[in-house]
Amino acid sequence: MIDPLSLTAGLDATALPQQLLNGLMFGAIYALVALGYTMVYGVLKLINFAHGEVFMIGAYTALFVSWQMGYFQGASGLTRATNPGILILMLITAMVVCGFLGVLIERFAYRPMRKQPRIASLITAIGVSMLLQYGGALVLPVSPPRSILEQVNPYDGNLSIPLKPRDGELNAAFAKAKEAEAAAKATLEQRIKQEGVSSEFDLSDEGKQIRSASQSAAQATRDAENKYLASGMSLNIPYGQGIMFLATLALMGLLTYLVMFTKTGRQMRAVAHDFDSASLMGINVDKIVTITFIIGSSLAGAGAMMCATFLGTQLTSFVGVPWGVKAFVAAVLGGIGNIPGAVLGGLLIGVAETMVVWAGGSQYKDAIAFVILILVLLVKPGGLLGSAKVEKV
Amino acid sequence: MKFWAIRVGSILLAVLVSYGIGMVAQGSSGTVSRLIALAGLYVTLAVSLNLINGITGQFSIGHAAFYQVGSYTAAFLASQLLARGTINNLGTPIPWVLAAVGIAIVTSGIAGFLIGLPSLRLRGDYLAIVTLGFGEILRIIIQNTPQLGGSYGINSPKAFVVPYVWMLAFLCIGACRNLLQTAHGLSFLSVREDEVASGAMGVNVTRVKVAAFVLGSAFAGAAGALLTFNEGFINVNSFTMDVSFIILTMVVLGGTGSITGSIIAALALFTLPEFLRDAPPMPLNAVLGTLAGVALLVGTIRLALDQKKLGRDFLTPKTYMGFGIAAVGGVIVSILANFLPALANRTIPSAELRMVIFSAVLVIMMLLRPQGIFGHREFGLGSIFKRAQA
Amino acid sequence: MKNLLGVWLTLAASAAFLTGCNPSTDTPTSKGSSSSDTPNTSAKRPNPPKDGPAFGETIKIGLVASLNGELKPWGDDSKLGAELAADEINKAGGINGKKIELLVEDSNSKPEQGKTATDRLISKGVVGIVGEVASGITAQIADSAFQAGVPVVAIGATRTDLTDIGSNIFRVCYTDDFQGPVMAKFGFEELGLRRVAVLTDKRQPYSEGLSKSYIETFKKLGGTIISEEFYNSGDQQFNAQLTNIKGQNPDGLFLSGYFTEVGLIARQARDVGLKVKLLGGDGWDSQELVSGGGEGILGGYFCNHYNDNEDRQEVKDFLTKWKAKYNGKLPGTTMGALGYDSVALVADAVKRAASPDAKGLMAAIDSTENFLGVSGTITLKGHAGNPPKRALVVEVTSSGVVFRKAYEHFE
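Chains as they are written, first to last, in our numbering: chain A, 31 to 423; chain B, 73 to 462; chain C, 749 to 1159.
Among the clues, some could well be false.
If we take Cβ atoms under 8 Å as the criterion, some of the chain A residues that face chain B in the derived model are [as the list claims (entries may be wrong)]:
id: 1; residue: A139
id: 2; residue: I149
id: 3; residue: P411
Stretch by stretch, here's where chain A covers chain C in the computed footprint (C-beta under 8 Å, at least three residues) [said to hold, decoys possible]:
id: 4; region: 813 to 824
id: 5; region: 994 to 1003
id: 6; region: 1037 to 1043
Derived BS3-like pairs (lysine-lysine); straight-line CA-CA distance at most 25 Å [what the hints assert, rightly or not]:
id: 7; chain 1: A; residue 1: K208; chain 2: C; residue 2: K1023
id: 8; chain 1: C; residue 1: K933; chain 2: A; residue 2: K215
id: 9; chain 1: B; residue 1: K381; chain 2: A; residue 2: K145
id: 10; chain 1: C; residue 1: K1025; chain 2: A; residue 2: K215
id: 11; chain 1: C; residue 1: K1071; chain 2: C; residue 2: K839
id: 12; chain 1: A; residue 1: K238; chain 2: A; residue 2: K257
id: 13; chain 1: A; residue 1: K206; chain 2: A; residue 2: K194
id: 14; chain 1: B; residue 1: K380; chain 2: A; residue 2: K145
id: 15; chain 1: A; residue 1: K257; chain 2: A; residue 2: K208
id: 16; chain 1: C; residue 1: K1073; chain 2: C; residue 2: K846
id: 17; chain 1: A; residue 1: K238; chain 2: C; residue 2: K1023
id: 18; chain 1: A; residue 1: K223; chain 2: A; residue 2: K238
id: 19; chain 1: A; residue 1: K208; chain 2: C; residue 2: K1025
id: 20; chain 1: A; residue 1: K238; chain 2: C; residue 2: K967
id: 21; chain 1: C; residue 1: K1129; chain 2: C; residue 2: K1099
id: 22; chain 1: A; residue 1: K223; chain 2: A; residue 2: K257
id: 23; chain 1: A; residue 1: K238; chain 2: C; residue 2: K1025
id: 24; chain 1: C; residue 1: K968; chain 2: A; residue 2: K238
In case anyone wonders, no lab produced these hints; they're calculated from the structure. Please read all numbers here as calculations on a predicted model, not as lab measurements. Cβ atoms here follow ideal geometry from the backbone N, Cα and C, with glycine treated the same way.
Starting from the given sequences, assemble the full structure and let the hints guide the process.
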């Protein structure tokens, strides 16, 4: 079923390191969102279906902050921001708003259901998720979908990490081709002026020949550049996505510290291990659940803000759905309730999806996460790092 | 003798009622006719999922996938083997329809078997995500298979299937009900209550679980096949995750394990969004205010219910105060909303509001009655008689 | 074991039964989805089995729009456009003294619910239906309306074989068979592109159809399609596909999807260092294209029905009226103009209808000639529902979308 055309396009071994890196960078965001699922599941044994909608609210919060700071379409004299202040403000606001929303959802939708069968809380979660999607469509700007302007991000461009040095001669040839291109372009522009037409599309036939000369010069430049680039190898990281990756790692590190090395974290683990015993041991379970929701939701908010800013996500009230599903898969893959498992699951899915595209099967990209999940669960029914035990629904 | 009389009598009654419904549908407008058909399909879907989730206690949240398998099986067969010249009339001969339904039952049963197998090893949420994933994988495969219409969808001939839709619904209800009356049914229930204990008591847990999946998905597949002939066109968007969630909601809202609950919840949840199409447009601030007021009201009732459970009075001064706060809160929110420039003076057409109301009703129902409308109980004429006798 | 055997026997028997009873296929070309391969202008379109209702006190026109779900941005705009047209006509006194009553129903972005919506409109006695923006839903609308003998004017459904359903279905937009070739020609002849990569949204029939017709024409012109990659609507990371494409060193990249993903792709293409010309179809059209695509989208070309800066009176009037009615905002997507045109075209046909009923309206729509719409001149007479329309190629610049070249209809 795979188109032979796309098969030949793939399997470019020199692109493998770059694709692996792409996969890791994207998987990190899955992992960040998956952490929210897994933490809530850990303490409440509840699949928080509204988590994807928390992500959506986070993205919109970031959008509104950027609008407030003057970065909206049509603002006059818009230039790139010079410092990351706005980004940090957006991040913090998104995290705070999402944390608050998480607490609200927990307090008013999940806490009354805590003593009820789990499937009832699950339906409540689905209901809350739908309410936020459709209610969001009523009050949020969804048509047309908006996105955060790339100008808020002061870091434009790429970081190039050389793996294998490139051929200097080819570089010289590339530079030369560039010069030729510039010259051809200048000739063309002169011709446009000379003919007195508004654009290159209105040129006379003779002018069009000059245009095609300019076009082939541009083509030659691209070929020369490509040859030069192919002579070596390097990893290319767009600054925005690099920041996203580092921030994600930092947040995960912070979370690990919080969960493993603080008193609250210890309480959290105790609640996750045994809810009732923990409460008998004098742990304020409600407080711990609230903290869990704050942390999980604000991580989703952080992920949302970074995706919306650095990837350019177009926001509708349904934007959280694919994220919710994929992150849920990541959490289950790693063993739901298990924090390192969520990270592992997220990274694995990110890399797997990228590898499928690399191999030329981009039309099957969305299925691979589920295929891996089913295969893993057949071998390890509790997920990669989880443990399986018989439980009742 | 009496046994057979009741059997034959109820079968005849079901057939007659189905044809009656069919006559009503034929006599009414296109809208009503389609709604009658779809309502029957949703009843089948909810009752068949109830067999898996409610009666056997497995956790499937991807029921639309089996619906899809059946539907695409029928559509593929029909579009390949029958002339599409019949697309615009109801001319497909019923034997063909029934044959296609039969094959759809087989394919979706096989799909149910394949998904049921991992359920031997997987528990709870892990199984849930596998069923969900099956639907997603299916969608992507269909999207990439031109013979199945890809992302556009697939045309098929049509037929007037309303009586068969309802016969299927009655068959499904009857099968589930009778199952519960037998020793087999008890083994299903025992798996739900305690898998380990029922295994120890000699119940073949493996067989029960797989049987539940195969049966449930076969019914869903049959419903899918009838959907194809009813619509004449199907598309992957008709079987997305939210369809699965709605079916699941019907089961839980009706009361997991209660067949009557599933039926009533299916009918209610199916018709609610359709009725809401006729709702008048409303000012946004009033909507928000009402939502806030209802939320507070629900909170109050919920607290009062908890009090009642502890043996205290339901209606205390505190409860009345809660009602008051809810009313005042709603008004305050609606006034405040008009101060926000983004929200002020906006009217919301009913079409945009109906899904919001739908989800709000869902949350409220769950908060007020978490065990579902009927809990594990059944409701029927029989139970009324019994109660009257007692 | 015995049971299993029984199942197989039933299966085999029913399969034999089905194949055995296969009737003579009188319309082989329209079987399944294969009919998209054949041009439809020559196909004989079946007539509805019965005649629709007569005009009432008011002229009831139904609109089916995706007011919920993933197509909401387009659905909302089609509704605003349709309402604008209806208001304008009513303010001018209606048609022959009768007011237009626009009844709106939600399809929730789902074909099945689009059908319910249509059935409801028909039961309310509409004489004509306008909608939808997506082909899958429009097929359902057309089917229901066919049974009732009510004409349908599709707003933005570009799938080619859609109008084969019956003689009651028309559209105001061009088809995928036109805009794909336009962009292929433009890229090949004007931009000098020879090696192009294509990125298709597998979830949208629109995108698939457009990519297909683009690839066909581009190859015919002598160009090479070096790779076709895919994504699904809702995806947000395209680095993997773009890295693949970059390794192939193309001259251009054809993005056949909607602007919701095109913006992200443009930003990320720039990020991975893919500096090639971007091209696309009318799905790009949005006020938010530049805010979504950032610098990456600048210099991209797409095919559109009309252009805000066009020097035609219809366009200028339309934008003035739109701004006056909707707080100074511009239409978010091109569906605003097409929704407006659809209702205006139906209203124009009502004026010319020989008999005051759906059948007369259908005939009047079918005989529309040189209707001056916002999206260009529309002629339906003799074109089996598919008006030959002009397509504009526009360039995305930092100051907005600029008209570059117009293509008249060609085969």
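Results for each hint:
1. The beta carbon of A139(A) comes within 6 Å of a beta carbon in chain B, closer than 8 Å, and the hint placing it at the interface holds.
2. With its C-beta approaching chain B no nearer than about 6 Å, I149(A) sits inside the 8 Å limit, and its interface hint holds.
3. Evaluation of the P411(A) hint against chain B yields a held restraint, the C-beta minimum of about 4 Å falling below 8 Å.
4. Using a Cβ-Cβ cut-off of 8 Å, 8 residues of the region 813 to 824 of chain C lie near chain A, which meets the minimum of three, so the contact claim holds.
5. Under a criterion of three residues with beta carbons nearer than 8 Å to beta carbons of chain A, the stated coverage of the region 994 to 1003 of chain C is upheld, 4 such residues being counted.
6. Check result for the region 1037 to 1043 of chain C against chain A: holds, 6 residues qualifying (beta carbon to beta carbon below 8 Å, three or more required).
7. With a C-alpha separation of about 14 Å, the suggested pairing of K208(A) with K1023(C) holds against the 25 Å cut-off.
8. With a C-alpha separation of about 22 Å, the suggested pair K933(C) and K215(A) falls inside the 25 Å cut-off, and the hint holds.
9. A C-alpha spacing of about 13 Å is found between K381(B) and K145(A), which places the hinted pair at or below 25 Å, so the restraint holds.
10. With a CA separation close to 16 Å, the supplied pair K1025(C) and K215(A) stays within the 25 Å bound.
11. For the hint pairing K1071(C) with K839(C), the CA-to-CA distance comes to about 17 Å; that is within 25 Å, so the pair holds.
12. For a cut-off of 25 Å, the pair hint linking K238(A) to K257(A) is broken: about 28 Å separates their Cα positions.
13. Restraint check: the Cα-Cα separation between K206(A) and K194(A) comes to about 23 Å, which is no more than 25 Å; the hinted pair holds.
14. Using a Cα cut-off of 25 Å, the hinted pair K380(B) and K145(A) holds, with the two alpha carbons roughly 16 Å apart.
15. At most 25 Å may separate the alpha-carbon atoms for a hinted pair to count; K257(A) and K208(A) meet this at roughly 13 Å.
16. In summary, the hint linking K1073(C) to K846(C) is supported, as the alpha carbons are separated by about 22 Å, within the 25 Å threshold.
17. For the given pair, K238(A) sits about 23 Å from K1023(C) by alpha-carbon distance, which is consistent with the 25 Å threshold.
18. The straight-line distance between the Cα atoms of K223(A) and K238(A) is roughly 13 Å, inside the 25 Å bound, and the hint therefore holds.
19. Under the criterion of a C-alpha separation no larger than 25 Å, the hint pairing K208(A) with K1025(C) is consistent with the structure, at around 17 Å.
20. A threshold of 25 Å between alpha carbons decides the hint, and for K238(A) with K967(C) the separation of about 22 Å falls inside it, so the pair holds.
21. Between the alpha carbons of K1129(C) and K1099(C) the distance comes to roughly 16 Å, so the proposed pair stays at or under 25 Å and holds.
22. For the hint pairing K223(A) with K257(A), the CA-to-CA distance comes to about 34 Å; that exceeds 25 Å, so the pair is violated.
23. A hinted pair counts as satisfied when its Cα atoms are at most 25 Å apart, and K238(A) with K1025(C) qualifies at roughly 18 Å.
24. A hinted pair counts as satisfied when its Cα atoms are at most 25 Å apart, and K968(C) with K238(A) qualifies at roughly 22 Å.
Hint compliance for this structure: hints 12, 22 are broken, all remaining hints hold.
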